[in-house]
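In this text, residue positions in the sequence shown follow this note's numbering: the first is 1, and each later residue adds one.
Keep in mind the hints are simulated off the structure, nothing from the lab.
Keep in mind that a hint or two might mislead.
Claimed, not checked - Capping the alpha-carbon separation at 20 Å, the derived lysine to any residue pairs in SDA-like fashion look like this: (1) Lys126 x Glu159; (2) Lys73 x Pro33; (3) Lys143 x Ala94; (4) Lys73 x Cys153; (5) Lys126 x Asp112; (6) Lys172 x Cys153; (7) Lys126 x Ala140; (8) Lys73 x Leu115; (9) Lys145 x Ala94; (10) Lys126 x Lys145; (11) Lys145 x Glu41; (12) Lys143 x Glu159; (13) Lys73 x Ala87; (14) Lys126 x Ala94; (15) Lys73 x Ser109; (16) Lys73 x Ser50; (17) Lys126 x Ile138; (18) Lys145 x Glu159.
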Amino acid sequence: MPRVATSVPVAEASGLEPANAFARLLKNDGEPPQLSRAQIETYLAQNRRSAESLLTAFRLTDDRALLQEAAEKSPQDPRISCAGWFAVRNQPDASLEERRQWLEAFEQSAPDNALASYISAQDYFKSGQTDRAIEELISAAGKPKFQSYTADCVQNVEEAYLSAGYSEAEAKAAACYSH
1 MPRVATSVPV AEASGLEPAN AFARLLKNDG EPPQLSRAQI ETYLAQNRRS
51 AESLLTAFRL TDDRALLQEA AEKSPQDPRI SCAGWFAVRN QPDASLEERR
101 QWLEAFEQSA PDNALASYIS AQDYFKSGQT DRAIEELISA AGKPKFQSYT
151 ADCVQNVEEA YLSAGYSEAE AKAAACYSH
């Protein structure tokens, strides 16, 4: 079998930054570049600290104060309560009550979204409440939608990277890898 010669791209060999947005991401061990707090604050200001922009900033920083501010501004937004549950689900300091509060807010804000019921069932199974878990599974089966809000998240993260001065390709790549 013939051997194919491989070479190091000129940009990498010369110490220059790779031109490809994905190559730049992979240079950072496959993680998107982190936005600075100043870049996040600029994005928030440009979006008037809307609940949606606060949620995006939370996802980029894991600063739960931003999530709380988003929840206060828009308590009926299912994207926020869903993100709240995901934020606390594996936190060692999060109580069962806190997880249930986020789940109940999610179920109330999106009563026709089966995802809330599936997550609730999982939570009940983990806590040993099998009967309640089964009730949630039955409830989920009767709901017409399954919405994870992933597309909204990716779009908003892309906008945050664009706001920080990244190219469209870099922003898209970072958004796809950051969720």
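Here's how the hints hold up against the structure:
1. Lys126 x Glu159: 36 Å, violated
2. Lys73 x Pro33: 28 Å, violated
3. Lys143 x Ala94: 29 Å, violated
4. Lys73 x Cys153: At roughly 18 Å apart (the allowed maximum being 20 Å), Cys153 and Lys73 satisfy the hint.
5. Lys126 x Asp112: 23 Å, violated
6. Lys172 x Cys153: 12 Å, holds
7. Lys126 x Ala140: Between Lys126 and Ala140 the Cα gap is close to 17 Å, so the pair holds against 20 Å.
8. Lys73 x Leu115: 23 Å, violated
9. Lys145 x Ala94: It is violated: about 28 Å lies between the C-alpha atoms, which goes past 20 Å.
10. Lys126 x Lys145: Status violated; Cα separation ~24 Å.
11. Lys145 x Glu41: 34 Å, violated
12. Lys143 x Glu159: 32 Å, violated
13. Lys73 x Ala87: Status holds; Cα separation ~18 Å.
14. Lys126 x Ala94: 14 Å, holds
15. Lys73 x Ser109: 14 Å, holds
16. Lys73 x Ser50: 8 Å, holds
17. Lys126 x Ile138: 17 Å, holds
18. Lys145 x Glu159: 27 Å, violated
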